[in-house]
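S.K.: Let the hints inform the model, and build the full structure from the sequences given.
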Amino acid sequence: MASTTYKPGAAGAISGAKLTVEAGRARAAASPIAGVRLEPSQTGIWVAICAISMCFAALTSALVVREGSGMDWQRLVLPRILYFNTAALIASSFTLEISRKRIAAAAANADPRMRSYAPAMNWLLATLALGLLFVAGQIVAWRNLAAQGIFLATNPASSFFYVFTAMHGLHVLGGLAGLLYAMRRLTRTMRTPKPVALGAAAVYWHFMDVLWVYLLFIIAVRM
Amino acid sequence: MDHGSAQPAVHHMTPPTTFIRKYVFSLDHKVIGLQYYGLALVAVFTGMVLSWFMRIHLGWATAAIPLLDKLSPNGAPGGVITPEYYLSLLTMHGTIMVFFVLTNAPFAGFGNYFLPIQVGAEDMAFPKFNMMSFWVTFVAFLVLIAAFFVADGPPISGWTAYAPLSAVGGDSGPGEALGQTLWGLSIAIFCVGQLLGSLNFIATTLDLRTKGMTLAKMPLSTWAWFVTACIGLLAFAVLLPACILLVLDRIAGTSFFIPGGLVISDKLQPHNGGSPLLWQHLFWFFGHPEVYIAILPAIGIVSHILPTFTRKPLLGGQRVVIGCMVAIGFLSYVVWGHHMFLSGMNPFSALLFSVPTLIITIPATIATLIWLGSIYGANIRFTTPALFCLGFISVFISGGISGFFLAQPSIDTYLHATYFVVAHFHFVMGVAAIFAIFAGTYFWAPKMWGRMMNETLGKIHFWLTFIGVYAIFMPMHYLGLAGNVRRYSAFVDDYLVPLIPVHKFITVAALLTGAAQLIFLYNLIHSRFKGPKASDNPWDATSLEWDTTSPPPFDNFGGRHLTVYHGAYEYGVAGSKGDYVMQTSPEKIVGES
Chain S
151 MASTTYKPGA AGAISGAKLT VEAGRARAAA SPIAGVRLEP SQTGIWVAIC AISMCFAALT
211 SALVVREGSG MDWQRLVLPR ILYFNTAALI ASSFTLEISR KRIAAAAANA DPRMRSYAPA
271 MNWLLATLAL GLLFVAGQIV AWRNLAAQGI FLATNPASSF FYVFTAMHGL HVLGGLAGLL
331 YAMRRLTRTM RTPKPVALGA AAVYWHFMDV LWVYLLFIIA VRM
Chain X
378 MDHGSAQPAV HHMTPPTTFI RKYVFSLDHK VIGLQYYGLA LVAVFTGMVL SWFMRIHLGW
438 ATAAIPLLDK LSPNGAPGGV ITPEYYLSLL TMHGTIMVFF VLTNAPFAGF GNYFLPIQVG
498 AEDMAFPKFN MMSFWVTFVA FLVLIAAFFV ADGPPISGWT AYAPLSAVGG DSGPGEALGQ
558 TLWGLSIAIF CVGQLLGSLN FIATTLDLRT KGMTLAKMPL STWAWFVTAC IGLLAFAVLL
618 PACILLVLDR IAGTSFFIPG GLVISDKLQP HNGGSPLLWQ HLFWFFGHPE VYIAILPAIG
678 IVSHILPTFT RKPLLGGQRV VIGCMVAIGF LSYVVWGHHM FLSGMNPFSA LLFSVPTLII
738 TIPATIATLI WLGSIYGANI RFTTPALFCL GFISVFISGG ISGFFLAQPS IDTYLHATYF
798 VVAHFHFVMG VAAIFAIFAG TYFWAPKMWG RMMNETLGKI HFWLTFIGVY AIFMPMHYLG
858 LAGNVRRYSA FVDDYLVPLI PVHKFITVAA LLTGAAQLIF LYNLIHSRFK GPKASDNPWD
918 ATSLEWDTTS PPPFDNFGGR HLTVYHGAYE YGVAGSKGDY VMQTSPEKIV GES
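Heads up: the protein sequence lines correspond to chains S and X, in order.
Each step along the first sequence adds one to the number in my numbering, with nothing skipped, and position 146 is 296.
Each step along the second sequence adds one to the number in my numbering, with nothing skipped, and position 317 is 694.
No lab work stands behind these hints, which were simulated from the structure alone.
Hints are supplied without guarantee of correctness; some may be wrong.
[What the hints assert, rightly or not] Partial list, derived from the structure: chain X residues whose beta carbon lies under 8 Å from chain S:
| id | residue |
| --- | --- |
| 1 | F503 |
| 2 | D584 |
| 3 | A619 |
| 4 | L622 |
| 5 | T631 |
| 6 | S632 |
| 7 | F633 |
| 8 | G650 |
| 9 | L655 |
[What the hints assert, rightly or not] Here are a few chain S residues that sit away from chain X, every Cβ distance over 10 Å (derived from the structure):
| id | residue |
| --- | --- |
| 10 | L228 |
| 11 | A256 |
| 12 | L282 |
| 13 | V353 |
| 14 | M373 |
These numbers were taken from a predicted model, which means no experiment stands behind them.
We put the CB at the ideal spot given by N, CA and C, even for glycine.
M.R.: What follows is the structure, encoded as structure tokens:
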């Protein structure tokens, strides 16, 4: 660099900026932070939700195109257990919210030693159980279709049914893992009343709910 | 949230001490960035050697290439490439270059290293996801390279893997059995890695900026990585399910992309009703944004480096460039159909895709004019990174101008399957992004390794490469206009035979330009260990990465929490000690916006 010569200030005339020697004045106060920031885990969950939505939007558009491209679309006789599964998943969202309310109430207690998270934990366990029930129910639905002789490659509607349910199921398993992680964090940090991981896991879990209702709608209307 | 407490202590732990945690399964974004860069370096030389094989074959169709018959006894018996193996080389060259070089180096490599530093964070928002992102990408690379070593070789369907040939399996040619399945799996795995990476980039940019670092004060490179992450998040989220459907067609007997009644190699394919066009739509819905995933970081890197060497802010201020990048990001999602003018889609759709394609040239042109206007009248410091920035502008314009022609469906009908398109995308996407990678490497090497790279070797490297790429790709425009079809392995038609001397010229130029890259490799490795020690801020630059030691400590700023007062490009400020004001300098600048 030492070999390179240039004229300081010559370019400054173009930039139009001048410097005064008022050093030391903190200008940070004059440039506030843009907006309110979320916890990274909250941002991350919303970003992940964008990506997952996009993934299923692509699959939905593929379904619409595929349905129109061939004459081989055959409607499925949907296993009734799907509706039971739906109810279980929606119920799990409610149990999760009850649990979060309990945690918030316990955390509001000024005395850390008086905080009791045990009832909240039970509701969280109920959420996990309902989530597992949903996954098990989806597998029963697959067995039901298989018993009808309908497999992945039988016809395009069944292909999309298996792809939709499998991909959603995998994401639900991810949500269960997230809830377990949040529970572990919660038991470790009982005394800090800021269950950040649980908040993020809850947003994701409710999204799984909404996504499933959307997929069920598509399945019921199109398949 | 109060910002003072929002300074996240991501690195709760002390720096790792074991070799494995420090260099292999590292959570440090700097190490992960270098891992991505190293992977891209391996990939780029692999891809370049593949292109040499193709070029030699195109110039001298009967030439025996040494050692190639060892790699593939069937594909190149006696070292002479078969037409099918030519397509394998083409497929692997394109896939390796687009995914593992043009996506990895400027975005994942430099982005991982410098995005957290440039916003003043200690690490990425999710270090564990970050580590997973690299290793998942690494596995994807291994799975892809494995295709070279399976029985019938790598796939032949091109980097776009058009259905139905990519979907039906072994009947459609050598490499289309296991090789094509490995391709589909590799790209699906790659998507997962990129999604994790994009998630990290977005959360880090939004949540971990240091005090005073507003979005408007972020350096343009960080803006580019952020916009690219947003594009990548949605684009790879579409490619992932598309690859899953493709692999299901191949191994599970579904018919997403394979129509009924298809006879390939005299065999009726057991599929029904699928839509080959569906694959093209899904692929190019990802594929066109992918072009911008490669070039936006390049635009950002050049916009970041250029003011350092012109010693003045970009013409019109950085908000215009930010606006251009965001506009390109949005528009990149509505132009994918221009890759499909010849696919048999409705000609009216072609018009609908042609118009936004022409519109997207407007922000790209504005950015280009800003660079040109910023060079005008500047006292440019002609260092190697500055030269590569200027070279980038040159090839970006050369490649961009041919884009105006190709955006017209009527002209594209003639040129689409010719070398004109090869020249276009190699210039505007390939070479332009590579030049930005070179600029970034020479610019940031002092920061990444604490050692300066050799300027003389750098300048020789620049001039040989700059002249070389023009010698390679300029004649291809001429070939294309003369009707020279791309993807052919040999030219035997009457109208193509007279063009073979041009191919020979291009081959020689490609071999020489490739050899010139050894100068870069030598410079990189030699400087890494023996180069002169770099100061903290060897280029007199302003952004936060120059506000720490070279290389930066484990937590980037040695426990300091920086406060940012200025935008990233306060150069040419009359009356300051140098001619520039660091972002963290509390000096007040009169007239600063």
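S.K.: So, for every hint listed, does it hold in this structure?
M.R.: Checked hints:
Taken as an interface hint, F503 (chain X) checks out: its beta carbon lies about 6 Å from the nearest beta carbon of chain S, inside 8 Å. For D584 (chain X), the interface hint holds, the least distance from its beta-carbon to any beta-carbon of chain S being 5 Å, beneath 8 Å. Evaluation of the A619 (chain X) hint against chain S yields a held restraint, the C-beta minimum of about 7 Å falling below 8 Å. Look at L622 (chain X): its Cβ gets to within about 7 Å of chain S, closer than 8 Å, so that hint holds up.
With a cut of 8 Å, the hint placing T631 (chain X) at the interface with chain S holds, because the nearest CB-to-CB distance is about 4 Å. Against a cut-off of 8 Å between C-beta atoms, the interface hint on S632 (chain X) holds, since the closest Cβ of chain S lies about 7 Å away. Look at F633 (chain X): its Cβ gets to within about 6 Å of chain S, closer than 8 Å, so that hint holds up. Checking G650 (chain X) against chain S by beta carbon gives a least distance of about 2 Å; that is within 8 Å, so the hint holds.
A hinted interface residue such as L655 (chain X) counts as satisfied when its beta carbon comes closer than 8 Å to some beta carbon of chain S; here the least separation is about 5 Å, so the hint holds. With 10 Å as the threshold on Cβ separation, the claim that L228 (chain S) sits away from chain X holds: the shortest Cβ distance comes to roughly 19 Å. Non-interface status of A256 (chain S) relative to chain X is upheld: no Cβ of that chain comes within 10 Å, the nearest being about 22 Å off. No Cβ of chain X comes within 10 Å of the Cβ of L282 (chain S); the nearest lies about 25 Å off, and the non-interface call holds.
Once the 10 Å rule is applied to beta carbons, V353 (chain S) is consistent with being away from chain X; the minimum gap is 14 Å. The Cβ of M373 (chain S) sits about 15 Å from the closest Cβ of chain X, beyond the 10 Å cut-off, so the non-interface label holds.
In summary, this structure violates none of the numbered hints.
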